[in-house]
Each structure stands twice: as C-alpha cells, then as structure tokens.
Amino acid sequence: MGDIRYTEQHEWIRVEGDMATIGITDFAQDQLGDVVFVEFPELGKEVAQFAEAAVVESVKAASEIYAPASGEVVEVNEKLTDEPALVNSDAMGEGWFIKMKINAPSELEKLLTEDQYKDYVKELG
Amino acid sequence: MRYLPLTTNDRRDMLNAIGAKSIDDLFEDVPPAARLEAGVDLPDHLGEMEVERKMTELACRNVAACNGPFFVGGGAYRHHVPAAVDHLIQRSEFLTSYTPYQPEISQGTLQYLFEFQTQVAMLTGMDVANASMYDGSTACIEAILMANRITKRSKAILSGGLHPHYAEVAETTARFTGDTIVRKAPAPEGQENLVDLIDEETSCVVVQTPSFFGNLHDVTALSDAAHEKGALLIVVVTEIISLGLLKSPGEMGADIVVAEGQSIGNALNFGGPYVGLFATRQKYIRQMPGRLCGETTDADGRRGYVLTLSTREQHIRREKATSNICTNSGLCSLAFTIHLSLLGEAGLVKLAKLNHQTAVELSEMLDGIDGVECVTSSFFNEFTLRLRKPAADVVDALVDRKVLGGIPASRLYPGDATVEDLLIVAATEMNTPDDLAALRDALTEVV
Amino acid sequence: MNVQQKIPTDESQAVEHLDMADGSKGLHQEEPLIFEIGRTGKTGVDLPDVALTKDRLGGLARKDEIGLPNLSEPEVVRHYVRLSQKNYSIDAGLYPLGSCTMKHNPRLNEKMARLPGFADIHPLQPQSTVQGALEMIGELADWLMKLTGMPAIALSPKAGAHGELCGVMAMRAALEARGEHRTKILVPESAHGTNPATASLCGFSVSPIPATDDGHVDTAAFIEALGPDVAGIMLTNPNTCGLFERDIIEIADAVHDAGGYFYCDGANFNAIVGRVRPGDLGIDAMHINLHKTFSTPHGGGGPGAGPVVLSDALAPFAPMPYVVLQDGAWRIVENNGNESFGRMTAYHGQMGMFVRALTYMLSHGADGLRQVAEDAVLNANYVLEQLRDVMTPAFVGRCMHEALFDDRFLNGTGVETLDFAKAMIDEGYHPMTMYFPLVVQGAMLIEPTETESKESLDRFVGTLRSLAEAAKSGEVERFKAAPVHAPRRRLDETTAARKPVLRWQPHK
Numbered sequence: 001m002g003d004i005r006y007t008e009q010h011e012w013i014r015v016e017g018d019m020a021t022i023g024i025t026d027f028a029q030d031q032l033g034d035v036v037f038v039e040f041p042e043l044g045k046e047v048a049q050f051a052e053a054a055v056v057e058s059v060k061a062a063s064e065i066y067a068p069a070s071g072e073v074v075e076v077n078e079k080l081t082d083e084p085a086l087v088n089s090d091a092m093g094e095g096w097f098i099k100m101k102i103n104a105p106s107e108l109e110k111l112l113t114e115d116q117y118k119d120y121v122k123e124l125g
Numbered sequence: 001m002r003y004l005p006l007t008t009n010d011r012r013d014m015l016n017a018i019g020a021k022s023i024d025d026l027f028e029d030v031p032p033a034a035r036l037e038a039g040v041d042l043p044d045h046l047g048e049m050e051v052e053r054k055m056t057e058l059a060c061r062n063v064a065a066c067n068g069p070f071f072v073g074g075g076a077y078r079h080h081v082p083a084a085v086d087h088l089i090q091r092s093e094f095l096t097s098y099t100p101y102q103p104e105i106s107q108g109t110l111q112y113l114f115e116f117q118t119q120v121a122m123l124t125g126m127d128v129a130n131a132s133m134y135d136g137s138t139a140c141i142e143a144i145l146m147a148n149r150i151t152k153r154s155k156a157i158l159s160g161g162l163h164p165h166y167a168e169v170a171e172t173t174a175r176f177t178g179d180t181i182v183r184k185a186p187a188p189e190g191q192e193n194l195v196d197l198i199d200e201e202t203s204c205v206v207v208q209t210p211s212f213f214g215n216l217h218d219v220t221a222l223s224d225a226a227h228e229k230g231a232l233l234i235v236v237v238t239e240i241i242s243l244g245l246l247k248s249p250g251e252m253g254a255d256i257v258v259a260e261g262q263s264i265g266n267a268l269n270f271g272g273p274y275v276g277l278f279a280t281r282q283k284y285i286r287q288m289p290g291r292l293c294g295e296t297t298d299a300d301g302r303r304g305y306v307l308t309l310s311t312r313e314q315h316i317r318r319e320k321a322t323s324n325i326c327t328n329s330g331l332c333s334l335a336f337t338i339h340l341s342l343l344g345e346a347g348l349v350k351l352a353k354l355n356h357q358t359a360v361e362l363s364e365m366l367d368g369i370d371g372v373e374c375v376t377s378s379f380f381n382e383f384t385l386r387l388r389k390p391a392a393d394v395v396d397a398l399v400d401r402k403v404l405g406g407i408p409a410s411r412l413y414p415g416d417a418t419v420e421d422l423l424i425v426a427a428t429e430m431n432t433p434d435d436l437a438a439l440r441d442a443l444t445e446v447v
Numbered sequence: 001m002n003v004q005q006k007i008p009t010d011e012s013q014a015v016e017h018l019d020m021a022d023g024s025k026g027l028h029q030e031e032p033l034i035f036e037i038g039r040t041g042k043t044g045v046d047l048p049d050v051a052l053t054k055d056r057l058g059g060l061a062r063k064d065e066i067g068l069p070n071l072s073e074p075e076v077v078r079h080y081v082r083l084s085q086k087n088y089s090i091d092a093g094l095y096p097l098g099s100c101t102m103k104h105n106p107r108l109n110e111k112m113a114r115l116p117g118f119a120d121i122h123p124l125q126p127q128s129t130v131q132g133a134l135e136m137i138g139e140l141a142d143w144l145m146k147l148t149g150m151p152a153i154a155l156s157p158k159a160g161a162h163g164e165l166c167g168v169m170a171m172r173a174a175l176e177a178r179g180e181h182r183t184k185i186l187v188p189e190s191a192h193g194t195n196p197a198t199a200s201l202c203g204f205s206v207s208p209i210p211a212t213d214d215g216h217v218d219t220a221a222f223i224e225a226l227g228p229d230v231a232g233i234m235l236t237n238p239n240t241c242g243l244f245e246r247d248i249i250e251i252a253d254a255v256h257d258a259g260g261y262f263y264c265d266g267a268n269f270n271a272i273v274g275r276v277r278p279g280d281l282g283i284d285a286m287h288i289n290l291h292k293t294f295s296t297p298h299g300g301g302g303p304g305a306g307p308v309v310l311s312d313a314l315a316p317f318a319p320m321p322y323v324v325l326q327d328g329a330w331r332i333v334e335n336n337g338n339e340s341f342g343r344m345t346a347y348h349g350q351m352g353m354f355v356r357a358l359t360y361m362l363s364h365g366a367d368g369l370r371q372v373a374e375d376a377v378l379n380a381n382y383v384l385e386q387l388r389d390v391m392t393p394a395f396v397g398r399c400m401h402e403a404l405f406d407d408r409f410l411n412g413t414g415v416e417t418l419d420f421a422k423a424m425i426d427e428g429y430h431p432m433t434m435y436f437p438l439v440v441q442g443a444m445l446i447e448p449t450e451t452e453s454k455e456s457l458d459r460f461v462g463t464l465r466s467l468a469e470a471a472k473s474g475e476v477e478r479f480k481a482a483p484v485h486a487p488r489r490r491l492d493e494t495t496a497a498r499k500p501v502l503r504w505q506p507h508k
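Which chain is which? The protein sequence lines are X, L and D, in order. Residues in the first sequence are numbered from 1 upward in steps of one, following this note's numbering. Residues in the second sequence are numbered from 1 upward in steps of one, following this note's numbering. Residues in the third sequence are numbered from 1 upward in steps of one, following this note's numbering.
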C-alpha cells in the first residue's frame, strides 16, 4: 500500500515508486450521484499537475478530473467502460480512473494528507 | 383582448393583494430613462377577421406551387402530404407541449422521438440517429464539427456537388471556430477527384448524393480512401425520399449521415421550418450533437422513454458542450415520422419509384429540345440542363408562361460564368403528364 | 409492456386477447412501438405501382429492405392519437415552466401559416413570384425593430441558441473589422447554458461573473472584469432569476467604454414588450425567441425561431439573407452582402414561424402587447405573493414575469425540489422549472404567463399551498413515490445513460 494524497477537487492519488493510481474520492462519487460514463485521456498523453485528465459523467452532471501530479498516462481503467457503477461502489479501489508515470514526486507535497482531507470534507458539511 | 383572461377588476384585486398601487410599481426597477410612457408606434389590436384578411391578402400575392406546373427543388421538394399528418401534428398534446423534460407526462413525445430515431437510422443505414436538428444545412456543419472532435483534426473537404448554402454555412462557421474548409468548385457533371485532397490533416470529406445538380454517387471508394487516412466520410442527402430506391449511405461506408427531412411530411414553407436528420455509428454516440431519446423502465418496471446522454449538452456542459443547440425540430420530426408510418416500406418504395419515373420521363422530353442538353447521367428526381441562354433569363421567361421551371444555378453561384447556362429541374409525384408537357412546350418557346 | 393474464385456449383467441391485457386503464392506454404493430400487406397511402422500365440510377439501386413497418391509415391515426394522450400540454392546463414561457398558442396563427401562399411556396422560386411573402417578412422585421427600438435585424437564425450564435459572430466580425483580436466574453453565472456554449463555439473564452445575494448580476465585478481583452458581455434581461437588471444602462456604458459589445439574451423579452425597448438600454444585439414572446407553438421541443436585432455598430455584419424594398419591389439579398459575416442556414429562416408571429402581433397590436407584459408580470407577482408564507422566495421583493423560490421551506422534511415537482404531476400540473438558475439552491422557477385567468392562478396556488403543507407535515413517502397518476412513474435515467438504447431493433 503506497502513500495516498488528496486534492481539494476530491481526486486521490496513490503512489508506488514512480507509478501513481488516480481516482475520485468517496465524497466526490456521493456528490455526483450515479456515474454513467468516464471519458479517458489517450495513453501516452503528458498531463501537467492540476490539468484536466479525464471527465466523469453522472446523469445530470459532468465534471473534469484534474491530475494531482504531472506525468504520462500509462493505463486507463477499461472496466469502467462497461461498469461505470464501480466508481460509486468502490471509488477508492476498483473504481480508479488512470495510472500515470509521475515525473516530479515533490509535487505531492502540495497535496492534502488523509487527515487534512478528512478535515476539509468535514468543513464542507 | 381575446387572448387575455384578466378583467379590469381582476387586475385591481391582484394589485391590492400584492400591495402595489399600480402596475407601474411592478416595473420600478426599469431605469426611468428607458420607461416607454407612450408605448410603441405601431397599430393597435385587431379582430380575428381583420388579421385574417390582411394575412390572406399578403399570401395571395405569391405564386404558390399549387397554382401551376412546378419544378423547383434544390434541397426543398414539393411532395404530397397525407391529410392525417397535419391533423395529428395539430393535436394540442403535440403542438402545445414543451421539450419532454418531465418524462412521466411526456411519453407521447418521447415515444415518437424513439420511433423517429429508429426510422432515420433504418433509412440511412446507420446504427443510431438523434432526435433531429434545425435543418439539413445546420446538421451538416454540426457533422463537420463532430468529425473534428473525433479525429482531433480541423480540415474538412467539401465536394463541389454539395448544396452551396450548406457549404456557405460551413465556411461561415469555420471562420469563427478556426477550422479549415476546402471547398471544391461546382461539379455539375458529377466528376471530381476528392481522394487526392485527403491527407493526414483531413478530418472529413463531405459529399452529397444525389448532389445539388442531381448526380448520384457511389461513395464506397471515397469512404475507403478517407478511412485509410484516418478521416471520416460525411454523406449529405437533401432528398430523403431517394433512399426508398437507392443504396443507403451506411451501406457505402458513411461515418455520419446528415439529411434534410422536409420531403417527408413537411410543406415547402418558403424554406423553413424544416427538419435536419443526423445519424452515425454506435461508437460515436457520445460525440453526437443534439437531443437523444432512449429506452428505459419506470419504477413499476414498465417500458418508457427519456431524454438521455444529456451531459453532452449545453445546459450541463456549458462552454464545453458538444454544441450550443438547445432545441430540435420537434413538430417537423413528428410530421416526418407520421408520414413515413403511413407510407411504410411499400409506400416509400412506390413513392420513390414514381418520383424517379417522372423525372426520367421529363428528362427525355426536355433533352430533345433544340438548345437544351441534360448533363446528368444518373439521377433520382432532379437533373441539370445546359441551355443555349443564361438560365436566369429562361426561368423568368417561363414565369411569364405560368411555369415555375427550376433553379438557375447562377442564383447560388453568383459571378461564376461556368454555371450561367445551367438549369436545375426537379420532378416529383405531384407533377402530372400535363405539367411535364407544359414545361416542354414553354421551354421550347423560350430557349 | 404486455402482461398477459389468462392463457388462451387456442391461437385465434391469443390474438384477440393481446389488446385486452396490455395494461390499459381508462384513458391511460398502453401503446406498443409502431414497429411492433406494423405488418406486410398494408398501406396508409394509395400510390400507383410503377414498373421502372428504364432507370437512371447508375447501378445504385437499393437491394435490401429498409425494414419500415406497413400500416393502414386508421392504425396510424390511432397510434399517434394514443401517444398524444400521454402528453401534458398548455391547452390542457397551466404549464408553469419558468423561462420557457408556455402561453396560449392562438389557432389563427396555425391557420394563417397554412395558407398556400405561405406554406406552398419554394425558397428558390423567382423573387417576382413571392412579393407577398417578402413583404410579410419585411413587416415582421418592422414590428420587431420598433418593439425593440433597434435599427437592424437578422431573421434567419432558427432558434434562440442560433440567434445567440448570430449575435456573437456579428460581434467578432465587427471587432475584426476594427483590427482587434479580443479573446474573452463575460457571462453571469446565472446565465442559461447556451450563452457560454455559444461564446465558446465562436472561439472566445468565457469568464463567469458572480451574482449578488439579491439575484442581480454583480455590477462591480462586471465592470472590474472589463478590459482590452474583453470582446463583450452576454447578459439576460430580465434575468434568469426573473428580475430586471437595474444597472443595465451603467453596465452597457461601461462595456462600450471598454470597447466591447453588449449581447442581450432576449429569452425574457415577454416581460417587458411594449413597456421597455432594449435599444434604449444600450444593447448591441438581442435574439427574440418567437416561440416564447410571440407564442409560436413549442411543438414538444421545436421548431423555434430566433431573429436577432442589431445596433448600428453591428448591422453591417448581419448574416445573409435579408430583405430590402427597392423601387417599390421587395428583394431578398442572398449573396455578396458587403461586410456580412456570411450565412447561417440554407434559405431564408423559419418562414412558418414568421407568419405565426406576425399574426400574433397584429392580433395584439401595440396596446395588446403592452398588456401582455403587464399581465405576465402581474400574474407572476400574484403567485409570488400568495405563496410567500408557505414556500421560500429566493429573493426579497417583487419579480418580473416569473417567481423564483428556493428549497429552504423543504429543509428537514426529507422532500427535495425534484420530489415536490413530481408531486405536482399527481395534482394535475406540469412541474415548474427546477434547479435553474444554478445560483439558487434547489431552485423552483414559476412562470404563469399572461394567458392564465385569476381563477386558474387561485387553483394553482391552492394546490401548491397544500403540497407545501403536506411536505411539512411529514408526508414524505407520498412525495418520494410521486407521480403515481401519470402514464409512467419515475423513469430510470441512470440505466438509460449507462447502457443507451437509442432505437428499436428487430428480433429482440
């Protein structure tokens, strides 16, 4: 289990070596409601930190997902194409969006720790 | 005023209930400089009889297609619309309802849209269709923008057989979106080389069949050539009845088919409202513009319909929407779907044959006239004649003989000397043998 | 869905019993898809069957079947009549959809649009043969320009959003003619989604401007955001909260001082027609939804029409075609329009809608149109006042043509805006507009329009009051279950979007 960090836009990132897995938090999936579609970036795309990396759609909303760290997209969660409901049922696990090869681990220090994120969500009510 | 139910007493009582002294109190946020104390300089209200008299007087100063032999086409065609169509679309529940955003009390609209989408997909030979667009020309530019999104390229190649208005709409839009449009010169005889223009920057090739000049095209090879370079093929159909007799664009490898659906169920209406048809492959549905109706179930498990995939649309995506379109051509699509239901497979095929047969007969009658040559080798119900004289003059001379004889190509290509002598003539099931003879005789006289 | 209750004893009975056991109840009639009732050997039209002795199809004849069903006329008529009975309509009841303006559609307008002299003329037949039609268009243009106090008009846009596109294109063309490349358009957060979508389609970036707590655009923020990179603003007035923007002249002046243009979204023109001319407010372009203010029918989602009035600054860039009166003859200019930015659609625009709108205007006249605005505003304020104590108005004070409520009155009841709206269906009403504008929590936007009588408003108010009280008294289950008296209960939109089924397929 690697280190998990969070953004204020409710993305999470789990880092193991230079590989990172990215998804949205349980709080985010709850706010979105039933997820119906996830639009992925192309494999090999270079994404800057906090730039748009994917789009998640529920019945009534569409939200951009921003990359918590910069790097290259190396894998997308194809399972979500047929089963977008996984984002709702297991946002932090099977409902992950993309895997990236990150190139500046120091960027992670700008992100929230688990405790900081919990406090942040509590403040949002 | 017959349309306003409030009485003077009602207004007084309601103002009292609100606690306002006069109606002016309710407009107090309007800056004083902008308050129109005296009203606008226009006439006061009229009774139904007076309005009807005035509008009828204006209508009578036009030569309607029903007034004499009529052969004008060019993307809008005069066909017979069964009486049941107009009766049904004027039912209150269709005419005076809003977009079906509350599906529980809009199943009538939603189910016919689902049927419409199915009919359009079947006719065009495609997987799916949307719930209609404004018209064929706006559907065409939406298809180009969609191809640009899919291919992440921005150059569209337009055939010289594409309706000039459609090409102009595409050019106008592209000027603002920053996309590139390569438009070929008019191709009245149907021969042009589009394949050599397709390169790695090309997002799509747009070709119309039957073309603006009437030519039929087998686009299979063009489709292969486009796909080889990673581009899409958009096929435009402005006479939808032709698909009763012709191989569908889907069968010839189209990726997107757009069409003008006016010919089925809708009157000429001097150009609008019409109904744009838009169909594509299953894999592109999330890139489609416009409304989509989908099947689902209700809380009791009964089959029902809803507007779906609306996250593509402007009310959710705002500046990131696939299109800014907020409406479809509802009632015109209903007229289309009812007329096509009345026709059925058998009726549509018969109607298409009748159109073709009439046009073939007419072309043979006219082709023999001294100074007239038919330049279209294969066509459906419209073809192009090369005349000894400028076609615009001939059309005016035909008007003097009570015949509306077609469209001079120069009207749509002003200043292009190569098309000055071309006359585009359409024939439909509405033309009688007497009509055909009247055109032959009048044309013989004036050419 | 066909639910068969009894197992018939033989084949012939099976066919007869299908219709009896299909779930129909009274006027709630179940109706299969047209593809499920058609068969071969029938037709709804009688056409001669010509044998094509010599075709000119160049070998492109269709070989396979299309798959369309065949039905007789009575079957087709019954099918669509039964479908129609599943729709709510303004003819059947009050339709309080805020910002959509569901008012009575006079049938004279329909009759006039079907006169052969308007309906049976071709857009490309010689102009000498359509002088009455061109004059009709000219007269409509004159009415719209006088009502708005604007010097020019583009008639061809096919709907409101198409009109927005026209206005923003004219703005950009005018800037380009000045040799300027401005990149940004300011749009209030409360704006309709078409505004940012249009600006973006025209190559501009969109800067959202916040609203103040009283439902108006934040004037200071607006003026602050202006600058040499701002092409213009898009502002709705009266705005989407149903309020007149008091500072509109100040905003217009500031935009012009900064070298930008002012696009006004005219979706709510019906609230001020005859009392205020947008031209006097300093706007440069505004679309007019003929299907709202001038009552061309909504038709279940279209067709609309969105003519755009233009200021002197933008007029030269108007799209083609347009009509002009020269030496006593009407002419439609289709090509070579000097500085015109181009063409937005084939042909000349929504003629059928023009006829209906002019008929409506002639019927009302200047006096009647002013009364339209006054009664629309009076009716909305009356509803606002009568519901003030049981629902929660989003803002203090009066409104224009629509009354906006938020969901605070439902706090703690377990009932949400959506449930409240669905419960209205069970009481015989179409719901109001929900969750729009986005700047108000759980928004409910009610636009009664001027064509509702006081008696109708009183009944409507009575229904909403009793629903509000029911929500507060804990009848949450009734709201969650609603609607139960409609042709369908709530539909599963999630499955529809996850696994889209967009057409019928044979042999399912």
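Don't read these hints as lab results, they were simulated from the structure. All figures in this text were calculated on a predicted structure; none of them were measured in a lab. All C-beta atoms in this analysis are idealised placements derived from N, C-alpha and C, irrespective of residue type, glycine included. Mixed in with the good hints there might be a few duds.
[What the hints assert, rightly or not] DEER-style ranges, computed between Cβ atoms: (1) D/S24 - X/G33: 30 to 36 Å; (2) D/V484 - L/E200: 40 to 46 Å; (3) D/D253 - L/K389: 29 to 35 Å; (4) D/E65 - X/L43: 39 to 45 Å; (5) X/L43 - D/D389: 56 to 62 Å; (6) X/G33 - D/E65: 40 to 46 Å; (7) D/A61 - L/K389: 31 to 37 Å; (8) D/P32 - X/E52: 43 to 49 Å; (9) D/D253 - X/Q9: 35 to 41 Å; (10) D/P116 - L/K21: 48 to 54 Å; (11) D/S24 - X/Q9: 49 to 55 Å.
Hint check:
Evaluation of the 30 to 36 Å hint for D/S24 and X/G33 yields a pass: the beta carbon distance comes to about 34 Å. A hinted range of 40 to 46 Å for the beta carbons of D/V484 and L/E200 is inconsistent with their spacing of about 59 Å. With their beta carbons about 58 Å apart, D/D253 and L/K389 fall outside the hinted range of 29 to 35 Å. Our hint of 39 to 45 Å for D/E65 and X/L43 holds, since their Cβ atoms are close to 42 Å apart.
Distance hint for X/L43 and D/D389: a CB-CB separation of about 60 Å, consistent with the stated range 56 to 62 Å. The hinted window of 40 to 46 Å between X/G33 and D/E65 holds, with their beta carbons roughly 43 Å apart. Between D/A61 and L/K389 the Cβ separation comes to about 35 Å, which falls inside the hinted range of 31 to 37 Å. A beta carbon spacing of about 45 Å between D/P32 and X/E52 agrees with the range 43 to 49 Å that was offered as a hint.
Under the hint 35 to 41 Å, the C-beta atoms of D/D253 and X/Q9, about 38 Å apart, fit the expected range. Remark: the range hint 48 to 54 Å for D/P116 to L/K21 is upheld by a beta-carbon distance near 51 Å. Judged by the Cβ atoms, the range 49 to 55 Å given for D/S24 and X/Q9 holds: they are separated by roughly 51 Å.
Checked against the numbered hints listed earlier, the structure breaks hints 2, 3; every other hint is satisfied.
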